[in-house]
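**Q** Next come the chains, spelled out residue by residue.
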Amino acid sequence: MVNWGDMLAGAQLLAGWPTLFSIFGGMFLGLIIGVIPGMTAALGLAIILPLTFQMDALTALVLMTSIYTGSLTGGGILAVLINTPGTPGAAATTFDGYPMAKQGRHNEALGLQIGSSVLGGFVGYVVLLFLIAPIIWVALKFASAEMLMLTIFVIVTVSVLEDRYLLRSIFAGLLGILMSTIGTSTLTGIPRGTFGLTALQDGLPLILSVIGLFAIPELISLVTRPAIASDRLDQGQSLPLIIKGVSMALRRVVVWLRGTGIGVFVGILPAAGATLASILSYTVTKQSGRKDQRFGEGEPDGVIAAESANNASESGAMAILLSLGIPGSASTAVILGGFLLHGLVPGGRLLRDNGDIVYGLILANLLQMVFLGFFAIFIAFFVGKVVVVPTRFLVPLLVLLVTIGAYSFRGYFVDVYVLYLFGIIGWFFKRYGFSVISFMIGLFLGQQLDDDFQRVTILYGDNLLGILARPISATLFALTVATIAYHVWRMLKRRQGRTG
Amino acid sequence: MPDTRPSFIPSALGAVFCAWAGYYVYSTERTQYGGAESVTLIKPLFFILVGVAVLMAAVSLTDRAGPQGTGLEHWKRLVLVASLPVFGTTIYYAGFLVPSFVFVAGMTLLYGARAWQSALLGVGAAAVVWLGFSEALGVDLPLWPW
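Here the protein sequences line up with chains A and E, keeping their order.
Okay, so the first sequence: first residue is 1 according to my numbering, each after it adds one.
Okay, so the second sequence: first residue is 501 according to my numbering, each after it adds one.
Worth flagging that the hints you see were computed from the coordinates, not collected in a lab.
No residue lacks a Cβ here, since even glycine has one placed at the ideal position from N, Cα and C.
Errors might be hidden in some of the hints.
To be verified - Quick list of the computed label-pair ranges, beta carbon to beta carbon:
{"no.": "1", "chain 1": "A", "residue 1": "489", "chain 2": "E", "residue 2": "559", "range": "17 to 23 Å"}
{"no.": "2", "chain 1": "E", "residue 1": "592", "chain 2": "A", "residue 2": "189", "range": "29 to 35 Å"}
{"no.": "3", "chain 1": "A", "residue 1": "46", "chain 2": "E", "residue 2": "557", "range": "45 to 51 Å"}
As the list claims (entries may be wrong) - Simulated pairs of lysine to any residue, SDA-like, Cα-Cα distance not exceeding 20 Å:
{"no.": "4", "chain 1": "A", "residue 1": "291", "chain 2": "A", "residue 2": "345"}
{"no.": "5", "chain 1": "A", "residue 1": "385", "chain 2": "A", "residue 2": "238"}
{"no.": "6", "chain 1": "E", "residue 1": "576", "chain 2": "A", "residue 2": "424"}
{"no.": "7", "chain 1": "E", "residue 1": "576", "chain 2": "A", "residue 2": "397"}
{"no.": "8", "chain 1": "E", "residue 1": "543", "chain 2": "A", "residue 2": "188"}
{"no.": "9", "chain 1": "A", "residue 1": "385", "chain 2": "A", "residue 2": "137"}
{"no.": "10", "chain 1": "A", "residue 1": "493", "chain 2": "A", "residue 2": "290"}
{"no.": "11", "chain 1": "E", "residue 1": "576", "chain 2": "A", "residue 2": "389"}
{"no.": "12", "chain 1": "E", "residue 1": "543", "chain 2": "A", "residue 2": "187"}
{"no.": "13", "chain 1": "E", "residue 1": "543", "chain 2": "A", "residue 2": "298"}
{"no.": "14", "chain 1": "E", "residue 1": "543", "chain 2": "A", "residue 2": "455"}
{"no.": "15", "chain 1": "E", "residue 1": "576", "chain 2": "A", "residue 2": "225"}
{"no.": "16", "chain 1": "A", "residue 1": "385", "chain 2": "A", "residue 2": "227"}
{"no.": "17", "chain 1": "E", "residue 1": "576", "chain 2": "A", "residue 2": "428"}
{"no.": "18", "chain 1": "A", "residue 1": "286", "chain 2": "A", "residue 2": "480"}
{"no.": "19", "chain 1": "A", "residue 1": "244", "chain 2": "A", "residue 2": "103"}
{"no.": "20", "chain 1": "E", "residue 1": "543", "chain 2": "A", "residue 2": "458"}
{"no.": "21", "chain 1": "E", "residue 1": "543", "chain 2": "A", "residue 2": "152"}
{"no.": "22", "chain 1": "E", "residue 1": "543", "chain 2": "E", "residue 2": "558"}
{"no.": "23", "chain 1": "E", "residue 1": "576", "chain 2": "A", "residue 2": "390"}
{"no.": "24", "chain 1": "A", "residue 1": "493", "chain 2": "A", "residue 2": "483"}
{"no.": "25", "chain 1": "A", "residue 1": "286", "chain 2": "A", "residue 2": "166"}
{"no.": "26", "chain 1": "E", "residue 1": "543", "chain 2": "A", "residue 2": "184"}
{"no.": "27", "chain 1": "E", "residue 1": "543", "chain 2": "A", "residue 2": "183"}
{"no.": "28", "chain 1": "E", "residue 1": "576", "chain 2": "A", "residue 2": "224"}
{"no.": "29", "chain 1": "E", "residue 1": "576", "chain 2": "A", "residue 2": "431"}
{"no.": "30", "chain 1": "A", "residue 1": "286", "chain 2": "A", "residue 2": "261"}
{"no.": "31", "chain 1": "E", "residue 1": "543", "chain 2": "A", "residue 2": "451"}
{"no.": "32", "chain 1": "E", "residue 1": "543", "chain 2": "A", "residue 2": "457"}
{"no.": "33", "chain 1": "A", "residue 1": "286", "chain 2": "A", "residue 2": "258"}
{"no.": "34", "chain 1": "A", "residue 1": "286", "chain 2": "A", "residue 2": "490"}
{"no.": "35", "chain 1": "E", "residue 1": "543", "chain 2": "E", "residue 2": "559"}
{"no.": "36", "chain 1": "E", "residue 1": "543", "chain 2": "E", "residue 2": "522"}
{"no.": "37", "chain 1": "E", "residue 1": "543", "chain 2": "A", "residue 2": "195"}
{"no.": "38", "chain 1": "E", "residue 1": "543", "chain 2": "A", "residue 2": "464"}
{"no.": "39", "chain 1": "A", "residue 1": "385", "chain 2": "E", "residue 2": "628"}
{"no.": "40", "chain 1": "A", "residue 1": "244", "chain 2": "A", "residue 2": "373"}
Assemble the whole structure, with the sequences as input and the hints as a guide.
**A** Quick look at the structure:
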């Protein structure tokens with residue numbers, strides 16, 4: 001299963017200062033990009049790509065993956081401190097990370113986030129190192145029918161979690177799916193709901209929609225508070241508390257191991273890997289949590305579940321990129337460009353013809369995870385001060401930053417308006433109990449659902465139930481029905497309890 | 501004290517989004533070639549959305565729970581919401597540099613910062629836009645109106 005000769009050759013390729021410089025430089029740049037709202041890893045990678053022309057292939061790829069890894073973790077830091085996911089995968093980190101920051105526990109939250117990121121990423125790459133072949137075998141079993149059922153399962157699972165306003169939650173999820181299909185239909189080539197705008201032909205910019213949904217409502221809410229952690233303004237930066245958070249993450253083995261497992265597997269699936277993985281991991285942890293755990297109000301397990309899955313999904317995305325040449329996101333698409341630029345074609349033959357580079361890259365990623373912890377603690381220590389900065393300064397500066405980030409995403413002014421529009425929608429949703437999480441899940445998975453649904457319709461015609469003849473689809477369908485049944489049973493039981 | 505009045509806003513929001521969804525599906529389906537095939541999922545979804553919106557409206561009328569989150573009653577929030585489209589439109593016509601200075605300096609001053617602090621932050625913001633994003637990171641920002 002593992003070619004030890006190639007692995008040894010890969011390790012030899014890594015030995016030397018250029019690799020270390022690439023890791024340090026890439027990690028630092030990635031973390032900086034990650035903590036700037038709206039700046040994406042894809043943008044950082046696109047900026048750095050031309051600079052890698054003169055480098056050898058492995059050094060260039062190590063630099064690019066270091067930026068990618070750094071930005072994923074930097075995005076999590078931002079999610080904890082100002083409720084703004086720097087990357088879509090960090091959205092679930094806001095659920096408990098930001099409430100912790102508001103309570104003045106930002107140091108611990110940052111430690112939890114960094115610790116679980118490192119653990120998830122490291123274990124994820126170890127899994128990839130030894131199990132790349134079987135992972136790909138399972139991934140290839142996921143055709144349109146399976147993806148359709150998986151998407152429905154995730155949407156249902158997330159929607160039923162919102163007990164209080166179930167109908168509003170379902171409405172938000174459905175609306176998210178509909179909005180995600182804006183743009184040119186993949187199968188028919190017809191532009192849908194674009195109002196004639198070229199910028200919308202590729203669909204809504206999802207990361208900007210998510211930043212709008214989370215950041216703008218929070219900024220509107222924040223502006224009347226003296227600071228983010230206004231109740232604990234004395235709570236400055238504390239390295240011991242950050243390290244305490246890291247060790248707390250280390251001790252919650254079940255939570256981060258489960259998150260890592262979900263992250264590695266779901267990361268393989270294209271389009272919404274990290275987002276889907278972190279939300280699924282958060283949901284599973286919440287459902288299996290103890291009664292005294294208050295998820296959504298600053299529960300440490302929520303941060304660990306989300307972040308371990310988020311970073312572990314990177315290894316899954318890398319597995320599918322290396323073995324099949326399929327980029328799961330814009331960032332991995334730029335990394336794919338890096339491979340091609342250096343004459344390497346990801347796919348089945350890459351491992352056979354350039355096994356030393358593949359194994360060298362995986363080993364370098366493991367090394368990155370070790371350094372990531374130190375770098376991220378350093379960055380978090382300084383950036384963490386943001387929670388005690390007076391909002392009269394912070395809010396206007398953050399509005400400016402997210403606006404620049406939105407414009408720089410693709411160079412369209414329309415994107416700035418999309419950001420603001422989703423900000424206003426997010427504000428209304430938050431205020432009136434529509435689930436922002438359901439809406440976001442709909443946004444992320446809707447396009448996939450639309451494509452899979454159309455393909456399934458073409459493949460199965462009138463016999464749509466035929467998809468249940470496939471074992472994975474049938475299992476996912478059964479899980480979906482069981483989730484709904486469990487929720488209805490719980491609601492009835494609660495109602496009985498109230499009347500009885 | 502929590503607001504216990506029934507709220508019509510969720511129903512109104514439902515109606516607005518259903519109207520958009522209706523237009524979206526109708527305009528797609530009317531497209532000459534491939535329109536009908538492009539609504540395989542979104543058309544049934546639209547009908548489900550309307551169904552959920554009707555149920556939601558019925559429940560909302562009897563729902564006495566107060567709205568979650570925070571309102572726009574506070575002038576600071578109102579000013580921030582109003583400033584977003586203004587800032588977005590200004591950068592479109594005037595580039596990023598001057599509006600960034602004016603926005604940051606103006607908003608911080610309005611929110612209670614001292615004049616010198618606002619001026620300093622405004623200059624700092626413009627410098628970050630120019631030197632940080634445009635020069636150092638190489639982001640292609642239109643800095644000036646021309």
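**Q** Evaluate each hint against the coordinates.
**A** Here is how each hint holds up against the structure:
1. 489(A) <-> 559(E): 17 to 23 Å: 21 Å, holds
2. 592(E) <-> 189(A): 29 to 35 Å: Distance hint for residue 592(E), residue 189(A) holds at roughly 30 Å.
3. 46(A) <-> 557(E): 45 to 51 Å: The hinted range 45 to 51 Å holds for residue 46(A) and residue 557(E), with Cβ atoms some 46 Å apart.
4. 291(A) <-> 345(A): This hinted pair is violated, its Cα atoms lying about 51 Å apart.
5. 385(A) <-> 238(A): With a Cα-Cα distance of about 10 Å, the restraint between residue 385(A) and residue 238(A) holds, given a limit of 20 Å.
6. 576(E) <-> 424(A): Distance of about 16 Å is within 20 Å: holds.
7. 576(E) <-> 397(A): 15 Å, holds
8. 543(E) <-> 188(A): Distance ~15 Å between residue 543(E) and residue 188(A) Cα, so the pair holds.
9. 385(A) <-> 137(A): 46 Å, violated
10. 493(A) <-> 290(A): Holds. Residue 493(A) to residue 290(A) sits at ~19 Å (cutoff 20 Å).
11. 576(E) <-> 389(A): 17 Å, holds
12. 543(E) <-> 187(A): With a Cα-Cα distance of about 16 Å, the restraint between residue 543(E) and residue 187(A) holds, given a limit of 20 Å.
13. 543(E) <-> 298(A): 40 Å, violated
14. 543(E) <-> 455(A): Roughly 16 Å separates the two Cα atoms, so the pair holds.
15. 576(E) <-> 225(A): Roughly 10 Å between the alpha carbons, so the hint for residue 576(E) and residue 225(A) holds.
16. 385(A) <-> 227(A): Between residue 385(A) and residue 227(A) the Cα gap is close to 11 Å, so the pair holds against 20 Å.
17. 576(E) <-> 428(A): This hinted pair holds, its Cα atoms lying about 17 Å apart.
18. 286(A) <-> 480(A): Holds, because 17 Å separates the two Cα atoms, which is no more than 20 Å.
19. 244(A) <-> 103(A): 17 Å, holds
20. 543(E) <-> 458(A): 17 Å, holds
21. 543(E) <-> 152(A): 17 Å, holds
22. 543(E) <-> 558(E): 23 Å, violated
23. 576(E) <-> 390(A): 14 Å, holds
24. 493(A) <-> 483(A): Measuring from Cα to Cα gives roughly 15 Å; hence the hint holds.
25. 286(A) <-> 166(A): 17 Å, holds
26. 543(E) <-> 184(A): Distance ~16 Å between residue 543(E) and residue 184(A) Cα, so the pair holds.
27. 543(E) <-> 183(A): Holds. Residue 543(E) to residue 183(A) sits at ~16 Å (cutoff 20 Å).
28. 576(E) <-> 224(A): 7 Å, holds
29. 576(E) <-> 431(A): Given that 20 Å is the threshold and the Cα spacing comes to 17 Å, the pair holds.
30. 286(A) <-> 261(A): 16 Å, holds
31. 543(E) <-> 451(A): 14 Å, holds
32. 543(E) <-> 457(A): 14 Å, holds
33. 286(A) <-> 258(A): Holds - the C-alpha atoms of residue 258(A) and residue 286(A) are around 12 Å apart, at most 20 Å.
34. 286(A) <-> 490(A): Cα-Cα ~15 Å, so holds.
35. 543(E) <-> 559(E): 25 Å, violated
36. 543(E) <-> 522(E): 9 Å, holds
37. 543(E) <-> 195(A): 18 Å, holds
38. 543(E) <-> 464(A): 17 Å, holds
39. 385(A) <-> 628(E): 19 Å, holds
40. 244(A) <-> 373(A): 13 Å, holds
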